[in-house]
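Going down the list, the sequences are from chains A and B. Under this note's numbering, think of the first position of the first sequence as 404, with each following residue one higher. Under this note's numbering, think of the first position of the second sequence as 7, with each following residue one higher.
Don't take every hint at face value.
[To be verified] Covered stretches of chain B, going by a simulated chain A footprint (3 or more residues, C-beta under 8 angstroms): (1) 154-161; (2) 173-184.
[Said to hold, decoys possible] The calculated lysine-lysine pairs, modelled on DSS-like cross-linking and capped at a C-alpha distance of 27 angstroms, are: (3) Lys-181/B - Lys-169/B; (4) Lys-410/A - Lys-169/B; (5) Lys-593/A - Lys-530/A; (6) Lys-40/B - Lys-169/B; (7) Lys-424/A - Lys-181/B.
Derived from the structure by calculation, the hints contain no laboratory data. Since we're looking at a predicted model, the values are computed, not measured. Glycine included, C-beta positions come from ideal geometry on N, C-alpha and C.
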Amino acid sequence: MRHDFDKVIDDLAQDLQPARKLLSPLRLTLLWWTASWGFVVGTALLTAPLRPGALDNLVTVPQFTIEIATGLLAGFLVSLAAFRLAVPGLSSNRWLLSVVVALFCTWVLAYVVGLEYPALMTGMMGKRPHCALEMLAYSTPLLLAAAWLFARRYTIRSVRAGLLAGAAAGAVPALMMQLACMYEPVHILKYHMAPIVCVALFGALLFYFLLRLKR
Amino acid sequence: MTNFADDELRWSLWMAQAQRGDEQAYRNLLHELKDTISAYLHSRFGRIDIIEDCIQECLITLHEARHTYDSARPFRPWLFAIVRHKTIDLLRRQRTYSTALTKAAIEEPATTPPVDINDQLAGARLLQLLSTRHREALTLTKLIGFSMAEAANKVGISETAMKVRVYRAVGATRKILEQDAI
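Work the whole structure out from these sequences, hints included.
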């Protein structure tokens with residue numbers, strides 16, 4: 404099969420339209436991250452208030468501060484790693500991926516350590532009856548927004564991008580629940596952290612089909 | 007003869023102009039990229055027929071993804087990320103392509119004499135980097151166009167084992183392409 408490349412190039416050149424400049428991955432991450440927090444905080448507070456004393460604990464209990472700070476950093480960097488995959492040629496950032504994995508492990512480890520040495524007094528105070536479902540409900544719009552942003556770019560590693568975007572979309576409500584729901588490490592691991600894995604897997608599946616369909 | 011840095015600068019400039027709608031700059035860019043992609047693929051896979059399809063797909067994808075290029079960044083990593091992706095994508099879909107080719111050959115008999123696959127694969131640097139098993143699996147199924155069952159029969163393994171071998175060979179090809187200095 405011989406191709407007439409001159410004709411292909413002519414056709415492509417005739418189809419040329421001025422392209423809108425896209426936001427850099429860092430700016431896109433900041434935008435998505437801020438909007439996601441706005442949405443999650445707003446919606447979660449509409450359903451129930453924060454756990455009493457949660458904000459005070461954030462300032463006065465260093466172990467709790469470290470848990471939240473690790474989660475925040477892991478969540479932000481995983482979204483940055485995801486959005487970097489939306490631009491060809493930026494994807495092979497192994498260093499960033501290693502940091503993200505290490506931070507997520509540290510975050511989970513903090514609660515495993517908390518099983519023996521909890522940061523706060525454990526108890527049912529502030530319990531939300533359906534926190535795991537809330538987590539999934541809050542993370543779905545975040546994931547869909549990320550998918551929309553990815554679809555406007557060109558993602559080469561769609562499954563990896565979906566996994567990372569899913570983890571980022573799950574991390575925001577998980578962090579919110581650390582402030583809004585009861586503090587009990589087993590509960591946190593089961594109902595706040597485990598759903599992140601579900602959202603990440605759903606993200607991988609969604610991106611695989613969505614981005615392939617687009618091509 | 008232009009050098010690496012000149013190419014980089016010129017392509018980046020042309021793409022920036024193309025993003026603003028300059029058709030002539032875009033035409034120049036695509037003509038040069040076509041030759042560059044062609045040289046890149048031929049040096050790695052030999053002079054096989056699917057390279058032409060791959061070049062065409064790469065050009066179309068570059069067109070679709072042109073808005074993702076940021077002129078503040080180097081051009082080559084962006085370009086070759088797309089080229090590698092489309093090459094692996096085409097290799098994965100090669101079975102369908104071979105079937106379509108066979109169908110086309112039945113409908114329209116070839117007017118050119120058949121070519122020797124060994125001639126076509128001569129100088130295929132990438133294939134030489136693959137292990138013997140992977141090279142054999144990839145050549146038989148993706149480049150010559152045997153079905154999995156035919157290839158398995160030739161090598162003397164089961165069809166499932168051949169499928170696994172081909173899957174791993176494509177993965178190994180992707181890794182080699184990613185590690186390739188461009």
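Going down the list of hints, with the structure as the test:
1. 154-161: Violated: only 0 residues of the region 154-161 of chain B have a Cβ under 8 angstroms from chain A.
2. 173-184: As far as the region 173-184 of chain B goes, the hint is violated, because 1 residues have Cβ atoms under 8 angstroms from chain A.
3. Lys-181/B - Lys-169/B: 19 angstroms, holds
4. Lys-410/A - Lys-169/B: Since the Cα atoms of Lys-410/A and Lys-169/B sit roughly 37 angstroms apart, the hinted pair is violated (cutoff 27 angstroms).
5. Lys-593/A - Lys-530/A: Roughly 14 angstroms between the alpha carbons, so the hint for Lys-593/A and Lys-530/A holds.
6. Lys-40/B - Lys-169/B: At roughly 32 angstroms apart (the allowed maximum being 27 angstroms), Lys-169/B and Lys-40/B break the hint.
7. Lys-424/A - Lys-181/B: 31 angstroms, violated
In terms of the numbered hints stated before, the structure departs from hints 1, 2, 4, 6 and 7, listed from lowest to highest.
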